[in-house]
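Enquirer: Each chain, letter by letter, is given below.
Number of protein chains: 2
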Amino acid sequence: MKHLVLFIFCSLTLGLNAQSDADYLKSIYKNSLTNGQSYQWLDYLSNEIGGRLSGSLNAELAVEYTKTELENLDLDRVWLQPVMVPKWVRGTPEFSYIQTAPGKTISVNICALGGSVATPLQGVKAEVIEVQGIEELKALDRKDVEGKIVFFNRPMQADLILTFEAYGGCVDQRYNGAEEAGKLGAVAMIVRSMNLRLDDLPHTGAMSYGNTPVSKRISSSAISTNDAEKLSGMLKIDSSLKLYIKQSCRQLGDVQSYNVIGEITGSEFPDEIITVGGHLDSWDLGDGSHDDGAGCVQSMDVLRLLKISGITPKRTIRVVLFMNEENGLRGGNAYAKEATRKGENHVFALESDSGGFTPRGFTFDGPDYKVDRIMRWKPLFEPYLIHYFKKGGSGADIGPLKKSTNVLAGLRPDSQRYFDHHHAANDTFDAVNKRELELGAATMTSLIYLVDKYGLNSIEEIPQLKD
Amino acid sequence: MKHLVLFIFCSLTLGLNAQSDADYLKSIYKNSLTNGQSYQWLDYLSNEIGGRLSGSLNAELAVEYTKTELENLDLDRVWLQPVMVPKWVRGTPEFSYIQTAPGKTISVNICALGGSVATPLQGVKAEVIEVQGIEELKALDRKDVEGKIVFFNRPMQADLILTFEAYGGCVDQRYNGAEEAGKLGAVAMIVRSMNLRLDDLPHTGAMSYGNTPVSKRISSSAISTNDAEKLSGMLKIDSSLKLYIKQSCRQLGDVQSYNVIGEITGSEFPDEIITVGGHLDSWDLGDGSHDDGAGCVQSMDVLRLLKISGITPKRTIRVVLFMNEENGLRGGNAYAKEATRKGENHVFALESDSGGFTPRGFTFDGPDYKVDRIMRWKPLFEPYLIHYFKKGGSGADIGPLKKSTNVLAGLRPDSQRYFDHHHAANDTFDAVNKRELELGAATMTSLIYLVDKYGLNSIEEIPQLKD
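So the sequences go chain by chain: A and B.
Whatever position you read off the first sequence (first residue = 1), add 550 for my numbering.
Whatever position you read off the second sequence (first residue = 1), add 550 for my numbering.
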């Protein structure tokens, strides 16, 4: 009898809650699609400011702009969190060609990888050794590599459905390639762009020299996929052809920058903090619309959409626009460090850093019982075609907030087109669809609404959803 | 005991089948993503041929090209099915401006709707009456409309998640607007383009005069969404402004054309026919890449992917590239009529006519027990992020095949960007992503594989999937 009463009570409560939650989600989606602000903000960030490499003037303009826009939202607090960031500059445009005989050259499209050193002033010209990855390189004799340019050409695996998995399977070449090639006496390294498509655009991205002394560092560049195919094809015919590379990038001293933060203070549990964010810095070749202007403006709109949907959060909802995700993660680290110093209780964090495409769902990193609880909200998202709720990674910037007790999440948009644009000159505003961006903002807001309303602390405190 | 044995038998059989089916799907997706032909075919259709309006030279070139390509696939039969199609021609480019005072004009972007008559040779210039739809128009007095241009300006509803629903809620203005405006003495009609985005491109599409005598037909045009907003805004300031429209389109006599058909004859049940198709004709403003070049090349690749994945169909799998979906449906009607004449048994048909975007699933139209059976295959599609299996419509071309006993299906891709391009000058090859197109082809092939393997006739004939 006790169980029956409990069952009826739970069913009724559930019925009421479910109805009300469904209504709130409907209102959130409607507000985003008909009265969203994300696209307008992104237009400004992308077209009025542009690429926002850490330490650049544009990055500082973006800090000022987004701070002002957050202030206009009438939040409870808006502030800048200081963080020192690395400043790497590309210098004059890179130049590269394949030379098959004296005077016979073919230009190829390259760009310096972020953090790379320049070539010598006159450039570097050398024979090329092509490898499919770091393991293949390590198996070579020093004499096969010394004095040559190492060309990493393992393509992204096209038959993986999640393109981030294909990226994960290749990016070691870009990140560690120069260090490993340098150890064997290479004079430069070049890597096939992390792009599933064949086109003419080189894609930059972070690289590391590990413990390589400054004097032993070699230039590292990305080559467009079309030109990678061309170079590889020509090498099969003439292994003694030469590649010329010239780039003038430089690593300067660290400079002052900021995370941009705004919050709505929780009405019941102000000490429980829910963070939502993206990163404000971007690479310099495009305008950083997908990576990660989209995530920033969506996160800003989460707080605005909560407000205009009539939701008063119980917990503190904080938007954080992190600085320097691309080449240092200084913003994410500073935010977590400050949270620790203040003894803040970060119960949940959500990052959008996978492009402004149609949202498909989320991945969650946290204790099983908390993630299980979130999974039970999945039916609420079905009308919005949000179906992907999985355990998995969250986002680079929020990663440092990880504790054994909290949940970190990442928005998962459709990923098919992401690497067509990622870190390249065509990561631009025109590649973002307004509705897709707004659906992402609404999906994030809906999840934040539910986490805030019910919390994640105890599986017992709210009525169980019936399977 | 009998039940236990049956249960064990079914579980084992299921286990084996499920494993094998998962492997086949994996192979189909891999083949499409690494060795697909759809993108290459679409490149030719779009960039070498272009827009394929029924009755045009391009439409005939497309018939020849796709027939040859199907012949190259080594199918059991390839043929052309004759069908007479209407021939409507746009003539010289349309021209339109708003006039606020003598000599003060602002150009606006319009295009004739398919099937419209021309304006008088000197064009038509008249005051404008704006309405939000046909009901609002019908409520007006004849004197409010007579001698004016009726401007239908109800926008697509942005808060609907499925954009086809938003289209369905507006398209009556385009299709029936001229007939209704003509009844009240309007001299022309113009309709806001069926586009969720604000941009400068007018979107054409079919319209009908109903029973209006030829002498009483008025010109009908679409205006870009930006110019619809402009015209509406200016009318609020000055309701006596005039709009000038000139277009020289014509409806000519019917001409000979063809459905293009190829088939693999079934090895066990050759009389059970499974049709997969799209429509080969398109509007003339763009090159018809999404509508519906994509559906054609995906359907062609279904037969090719079955072959290269080592699948020998039990039933006859037939690809049909229908002619004249856009302004007549003659191809779809002819195909169904011929099927009836021959007494063919069409057990299943699948159409792809919603763009070449990331596939999300299918809608199914058929008897519940057959659709329920298909629903049980849904878990096989989860690794490919295909989650949307719903009862619903199928496709215009296969609609005439409908019987109470068979199942018709439509591929449902992500719809957010579809109406940015639909029937407009930017429905072009560059708006199609290769992977998204190929995922669609693989998803269609996978469903066809399952329908062919298990059939849909009886829920008892194969082991039940356990819930």
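Think of the hints as simulated: they come from the structure by calculation, not from any bench.
Careful: at least some of the hints might be erroneous.
All copies of an identical chain are treated as equivalent in the list; a pair is satisfied when it fits inside any one copy or across any two copies.
[As the list claims (entries may be wrong)] Here are the simulated DSS-like pairs of lysine-lysine, each with C-alpha atoms no more than 30 Å apart in a straight line:
1. Lys637 to Lys941
2. Lys857 to Lys928
3. Lys928 to Lys693
4. Lys941 to Lys576
5. Lys580 to Lys780
6. Lys580 to Lys786
7. Lys864 to Lys953
8. Lys940 to Lys928
Given the structure is predicted, the values throughout are model-derived calculations rather than measurements.
Enquirer: Evaluate each hint against the coordinates.
Expert: Hints versus structure:
For the identical chains of this complex, Lys637 and Lys941 are neighbours neither inside a copy (35 Å) nor across copies (56 Å), given an alpha-carbon limit of 30 Å. Only within a single protomer do Lys857 and Lys928 lie at most 30 Å apart by alpha-carbon distance; the minimum there is 23 Å, versus 38 Å between protomers. Taking identical chains as interchangeable, the C-alpha atoms of Lys928 and Lys693 are never at most 30 Å apart, the minima being 58 Å within one chain and 55 Å between chains. For a Cα distance limit of 30 Å, the shortest separation of Lys941 from Lys576 qualifies both inside one copy, at 26 Å, and across copies, at 22 Å.
Taking identical chains as interchangeable, the C-alpha atoms of Lys580 and Lys780 lie at most 30 Å apart only when they sit on different chains, with a minimum of 25 Å there against 49 Å within one chain. For the identical chains of this complex, Lys580 and Lys786 are inter-copy neighbours only, at 27 Å across copies versus 57 Å inside a copy, given an alpha-carbon limit of 30 Å. For a Cα distance limit of 30 Å, the shortest separation of Lys864 from Lys953 inside one copy, 22 Å, qualifies, whereas the shortest one across copies, 55 Å, does not. When the C-alpha separation of Lys940 and Lys928 is checked against a cutoff of 30 Å, the pair qualifies both within a copy, at 11 Å, and between copies, at 18 Å.
Going down the numbered hints, you'll see the structure goes against 1, 3, while the others check out.
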